[in-house]
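Q: First to last, the protein sequences are chains P and Z.
Each residue of the first sequence is one higher than the last, beginning at 105 in the working numbering.
Each residue of the second sequence is one higher than the last, beginning at 59 in the working numbering.
If you are wondering where the hints come from, they were derived from the structure by calculation, not from laboratory data.
Backbone N, C-alpha and C define an ideal beta-carbon position, used for all residues, glycine too.
Take the hints with a grain of salt, since some may be wrong.
[What the hints assert, rightly or not] Calculated pairs, EDC-like style, for lysine to aspartate or glutamate (alpha carbon to alpha carbon, straight line, at most 20 Å):
| id | chain 1 | residue 1 | chain 2 | residue 2 |
| --- | --- | --- | --- | --- |
| 1 | Z | K168 | P | E187 |
| 2 | P | K115 | Z | E102 |
| 3 | Z | K168 | P | E182 |
| 4 | Z | K61 | P | D190 |
| 5 | Z | K171 | P | D190 |
[Unchecked claim] A few chain P residues that don't get close to chain Z, going by computed Cβ distances all over 12 Å:
| id | residue |
| --- | --- |
| 6 | S170 |
| 7 | D212 |
| 8 | T220 |
[Stated by the list, open to error] Chain P stretches covered by chain Z per the calculated footprint, using a threshold of three residues with CB under 8 Å from any CB of chain Z:
| id | region |
| --- | --- |
| 9 | 139-148 |
| 10 | 191-198 |
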Amino acid sequence: DTGVSQNPRHKITKRGQNVTFRCDPISEHNRLYWYRQTLGQGPEFLTYFQNEAQLEKSRLLSDRFSAERPKGSFSTLEIQRTEQGDSAMYLCASSTTDHPGLAGGSTDTQYFGPGTRLTVL
Amino acid sequence: AQKITQTQPGMFVQEKEAVTLDCTYDTSDPSYGLFWYKQPSSGEMIFLIYQGSYDQQNATEGRYSLNFQKARKSANLVISASQLGDSAMYFCAMREHNYGGSQGNLIFGKGTKLSVKP
Chain P
105 DTGVSQNPRH KITKRGQNVT FRCDPISEHN RLYWYRQTLG QGPEFLTYFQ
155 NEAQLEKSRL LSDRFSAERP KGSFSTLEIQ RTEQGDSAMY LCASSTTDHP
205 GLAGGSTDTQ YFGPGTRLTV L
Chain Z
59 AQKITQTQPG MFVQEKEAVT LDCTYDTSDP SYGLFWYKQP SSGEMIFLIY
109 QGSYDQQNAT EGRYSLNFQK ARKSANLVIS ASQLGDSAMY FCAMREHNYG
159 GSQGNLIFGK GTKLSVKP
């Protein structure tokens, strides 16, 4: 079983350009999450999919950001008109509700990919 | 107010010794989960251990154990017999099950950088 994969691993772009990142989750996982991590901080939640439905979006996700998961498998995150403040590590995670915890409830543990590091010049 | 607080920006430990990384959390949700992740310099977040709010026992996973004190709202990570490969950033995270209808995104602390000395 392969883990979560993300492409590209690194992206350098000029301010104002559009960029798109891809995430391939663990194959049987129905939930997919996007996070952003800036230097010295923990990851911050951006958005979440269950199958192909985008169920939750953070206020961090401005209208320049859009995410899709068209067939409930891989997902893309697009940033339009990039700004220098968009420079960060973009992390994707996936999970399933089928992992029982000690008390029987689902742990819904999120497994992360290696991330895409974006640098906006 | 911060929901996850990690008060130790950096920690040093001698190889083969045990180390405790602190984490306190804040929630009014009775149902929640607590997670620890390791992030090496390569950047990938590696899941280490999980504790559910209703779990009666402290979670253990190999050399990792979670010292869960619910009344104090703390979930400290204990790493026994430290190894050089344990040098990394460690993040504590919480998932609230019912807060505001959230479907379970993780809320992370700022992390603790652990350095293992030979």
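Q: Which earlier hints turn out false for this structure, listed by number in ascending order?
A: 1, 3, 4, 5, 7 and 8
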